[in-house]
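Those protein sequence lines, which keep their order, are chains E and U.
Residue numbers for the first sequence follow UniProt numbering, so the first one is 1 and each next one is one higher.
Residue numbers for the second sequence follow UniProt numbering, so the first one is 1 and each next one is one higher.
The reader is advised that the hints may include incorrect statements.
Below, a list of computed lysine-lysine pairs in the DSS-like style, where the Cα atoms sit at most 30 Å apart [said to hold, decoys possible]:
#, chain 1, residue 1, chain 2, residue 2
1, U, Lys197, U, Lys238
2, U, Lys847, E, Lys413
3, E, Lys29, U, Lys238
Derived by calculation from the structure, the hints in this document are not laboratory data.
Since this is a predicted model, take the numbers as computed values, not measurements.
Here is how the chains run, residue by residue.
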Amino acid sequence: MLRWILGGREAQGAVEKSPTLFIGEEQPKNPFTELQVLKGHFDIVRFLVQIDDSRFASAGDDGLVLVWNVETGERLMELRGHSQQITAMVAWSLINADTSHTSIITASSDRSLSLWDPDTGNRVQTISDLQSSVKCLLVLEHLDLWLSGGNELCVWNQDFKLLCKREVHSDAAITAMVQLPKMHVAAAVDKEIVIYKLAVSSKLEVSVQPFRQLTDHHDSIRVLINVNDGLFASGSHVGELIIWDAVNWTIQAYEHILWEEPHCDGQAEIRFVSQKQSDMSIHHLASNGEVVILAAVGSGLYVYNIHSRNVVAYRKMAHDSNVLHTMLLSDGQLMSCSEDGSVRMWEMEPLPLPAEPASPGFFGLWSFGRSSKQTCPPVKKVPEVPILKSLELTGDLIGHSGAIQMFLSFGEKGLVTCSTDHLVILWKDGERQSRLRSLAVFQKLEENQGLC
Amino acid sequence: MIGSPDVVALTKEDDFGEVYPDPSVLPEDFSVPLFAHAANANPWTKTSYAKFSKDFILISEFSEQVGPQPLLTIPEDPKVCGTFDLNYFSLRIMSVDYQASFVGHPPGSSYPKLNFVEDSKVVLGDSKEGAFAYVHHLTLYDLEARGFVRPFCMAYISADERKIMQQFQELSSKFSRASECLKSGNRKAFANELQKKLKDLEYTRSVVHKETELQKMNNGCYSTQAIEKANELANVEKSIYEHKDLLRQITSYPNRKRQDVECLQPESEAPAKATGSDVAFPFNHSDAEHNPADGDVSDPRPSYTPQLIKAKSAKCFDKRLKTLEELCELASFHQTMDQLKSIEKSFRGDLCYIYTSQIDQILLGKQKITNFLFESDWGNGEPAKHFEVAGLIPHLDLPQAPDGSGEPTSLETCTSFGDSVHIKLELESVDGPAESSPSDLTQETSEDAADIETKGSFSSDKSIETLGAVSPSNLHSHLDVMGRRGTSDECSGTENGIFFDRSTVSSANAPYEKSSAQPGAFSLLDNDSTVDVYHTETLVKVDTACCMGQEGFIFEEPEPVHQRCGETVVKQEPLSLLYGDLALQVDFAGGEAAHEHSPSAVLSFPNTLSEDVARMNVEESSDTTSYMSISTSSDRAPSPLGHGNPVTVKQKKKAGQSALKFIRQYPFAQQAIFCLLSGRTLVVLGVDEGTVRKLVNALSIFVPNLGRYAEQVQPWLCCPFQLTDLQRWKLIGLQRIASPTGSSMLYSLSRYSRYIGILDADNKTLRCPTYKGTLIGHIADHRTQIKRGSTYYHHVQNMLTQLTAKAFLYTFCHHLHLPLGLEDEDAVVQRRTTFLYHLGFSEEESKIVHYLSGLIKQRYVQGPCQRGIQPVFAFNYTTSCLYKI
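Please take these sequences and the hints and turn them into a complete structure.
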């Protein structure tokens, strides 16, 4: 495709750099035919948080929090206050009897925490001069409490009052937290998961105690998510995926995604050499709240089924670079974004011929970038993976010129992506937008009583 | 098209570039004697027997020292007036000032009184000189002048009598505005002058007062010197009173008048200042200890030091009279000059040209919703060439309220008409009405003792053919007659197919009209009322059924337009908006009453007949027939696109030439144009800047919503582009460089390749989605017979207007976007597809309509400025292919 433009020797290099997986320009299943570039940030945009049906906030290294309207692309509010990059941001919905109001809590490298009202743009509460910067935030809505994690674990109430504090007995800091049943919280501290127990006394005094340490990971834990009420999952830097029981903290499943070694499910018989560690690092996990976990491993995508305890579908080279964020949609639709600046949409499809799911031709079709390594023998234990599906690329979104940090889906209203290139892009269904605009036109016609 | 020389067979450049370049063809003796004024080389021009080459505006004054004298002409070029005697003509135009401008001491009042006189508007002709003029008299105030007034006049001088007569309304309203501007500046200046004078007087009074006291002390109260001084003091005080009264008068100038004045500065400033300084003045005149220094302190403008006024002013002929600039504030003066210049520009060309451009402008005014797409003149409310439709209102209103003397508005209308509308009627038989003219006006003039000289020249010189004043009703009836006559002419004219696309359009309209008889006509908003989509060719009533693709919809593919060129020889001059086209007015049965009452209802056309005819800017007088002679001088190279200058039609026409070359040279021109029309950014890639810029320039005429300053085009870009650039620019010229930046540029090209088409100027290839339709073939046929760039530009404009019209129809058809009853979305989509198919769009071509429609919607909902809201970038996923030569 490019040769004619590029021509010459340097062109060749560019061609080789071009995506190994190329869907082409015809993407009938890609609904996003319209985009809006939202400018306003001056540095990398790292976080997106949904506020309500039509609003979201974006934050990043410039310390700015911007509130946007997803329907119009309008910038509604500019929340200024942090002097350094924002390290964590969560939305906190306070549901009263009849109203619900969503606030935003941000943590920044300037060692401060802030509570913002996205309706007015006010900084409602702020705490500065913390001992260390906060790395992660967790809101316990049913308790009207929230937790901040860093070198210490702090519990706060609605009014930003520190209720209790607990030092982490480790050099490392808490990087991720999830809420577990029975007032427990799991926190990822380097290689181990610490289970904390929250206790609320009769005088509403809150205390937090480390309860147990799970030390089954061999490398630092990158992600920690809730799968469903009974399970949570963690992923480590070396590609270990562990599914834990949320109540008694036992390992339900252990998956080590390693290219070199064969796996129990047989897929890993495909051998690839010289994979760097970072290529196996689990960057992101996503769950649909049931039994499926989507793991972003290096530049690949893995769909893991908890029931059958195996990888049901995967794509080793889903992107040209590390996958940073993933999402499971309904109907076997997946979405992933990567450092290569693209968002890709996938569909899990049953293999047309289950008898030969992993024939060389099949794999060759997927990842011809490393054709020399494709001559591996086909999968032998086909009967053991009867439900293996393929991940088919249905579309990609190209717009950002830097790594896409994360995305946020508003369903049919669109998709928001944020990136290293300081931009937030709103992707929308052109057809739908066109229809909405038509409606607006006729509405205005009616207001104006005709044209002019 | 009428005004454009390209279409008119006789005015081709080849024929008239030089007059008989080869004299050897025929011996001089046998040759037919040349037309006397062959230098003009233009049979259409009517100025050939006049001593000036083109219309101009003359400003004269009746100086109390030297009599009538010309002050300046617009344009200032002395060549314009040629041998025409400005002094002589000034004498004439100043001698027909009928206005009763009485200023001075009216009986019964001890103070001078200022009269706020209406301007008078006169048309006069001088057959000997071959000059006809619209003369606008006005008076400006000058403290030093006799009676405080200086009579001036602005005259629009043309050799074409009909032009003056028929553009009277237009001229009158425009000159009135210029005059108002001048006068408001003058009032400010006059008030300032009065204030200064008052300060002088106060100072003088204090000095005289001191002297009086001194005299009294030295010589006693009843000494002659003391009495003399006391008298002097009394005189000064009287003078102060008089001046204060004048100041009061001038600052209390009726607000009503100010409303229609368009001035740069808010006018309320002047009275505010005036009252401010009024307060500052001590009113206690008996205050002997008054110190002028105190006055200075309280003065808001201390820069002015009061001067002692001598008891006796200088002799009348010794003093220097103020110039026009001094009389008005400089800003107002320049503004007025700009206004006059624009008047001069807007009335350039012969009547025919003016008519077409007026029609054009009015029609453009009616399609406000879509003008932004392809119209270059139509800036955002920019009144560059906006013809005042409002100026026509009195005309149309007259039948209803011919004698509305009770109402102030109609009274004003009548005065503006009847004040002194002296029209030399071309039909001698209309002498009757002339007798019924308000004779008091003429009487006043003859009785005006001040104008003895004027009167003399007026009565003695018979060549001033001011045949009579016409009362409004008479004028109207006269015009009415002409109107009726014109209508029939116009009808026959139009039906002969004067206009390029008329036949095409009507054929396209035919099915609609046929089906309009069916019940249940569709509407924009609801389903039970008919609608008039008064838009270019869509001014038809369409039945829902036809749009839904049911029976009765026979779509006829429009034939390529250029095949019809042969039939379209212009034989008729188009008629004024005021007269013609009544017959063409579409009957809006069941339509909106409001629309019919609007002043422009009379001017409704079923289509924009001369859509592209008169879209000639004032800049390109070279193309208008009357001004062949000055074409060379005004032929400066247009500045390149996208340099902060508004895009002129002249540039677009030049672009038309390049575009013509482009479509002849590149077989894939259609695909490139398709790219642009469907909203896909086209990148022109090349090493040579000139080549790329030329291509960009050529293609720019196809860019929808180009923008007033061609904001949608980036003619030359040397750095890699971003996604936001694609959003901003629809046509980009990109430098191909062999360097690291070059490769990153190419990387961005390949990265965003799904959003762009790439035209490689060096290898002559184009990579873009496929297009195989026929529609663009009509726009860009490489075998086209069109030879001139401007003609091609008009042709393109014509086609684009058709496209716009269809996009408009598509956008505003209710049932194409909203489900009827319980339908689901699919049914609507189906109907949309069918509709577009019937409009003659293939699937690919529908994208053009979608894109244009999207732009229209966005513009309609959001308005021209979209501040705060980020623009939307729409695209679609289609495979591109590579075209080669």
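Against the structure, the hints:
1. Taking the CA atoms of lysine 197(U) and lysine 238(U), the gap is about 13 Å. The hint holds against a cut of 30 Å.
2. As the CA atoms of lysine 847(U) and lysine 413(E) are separated by approximately 23 Å, the hinted pair is consistent with the 30 Å bound.
3. For a cut-off of 30 Å, the pair hint linking lysine 29(E) to lysine 238(U) is broken: about 92 Å separates their Cα positions.
In the structure shown, a violation is registered for the earlier hint numbered 3 alone.
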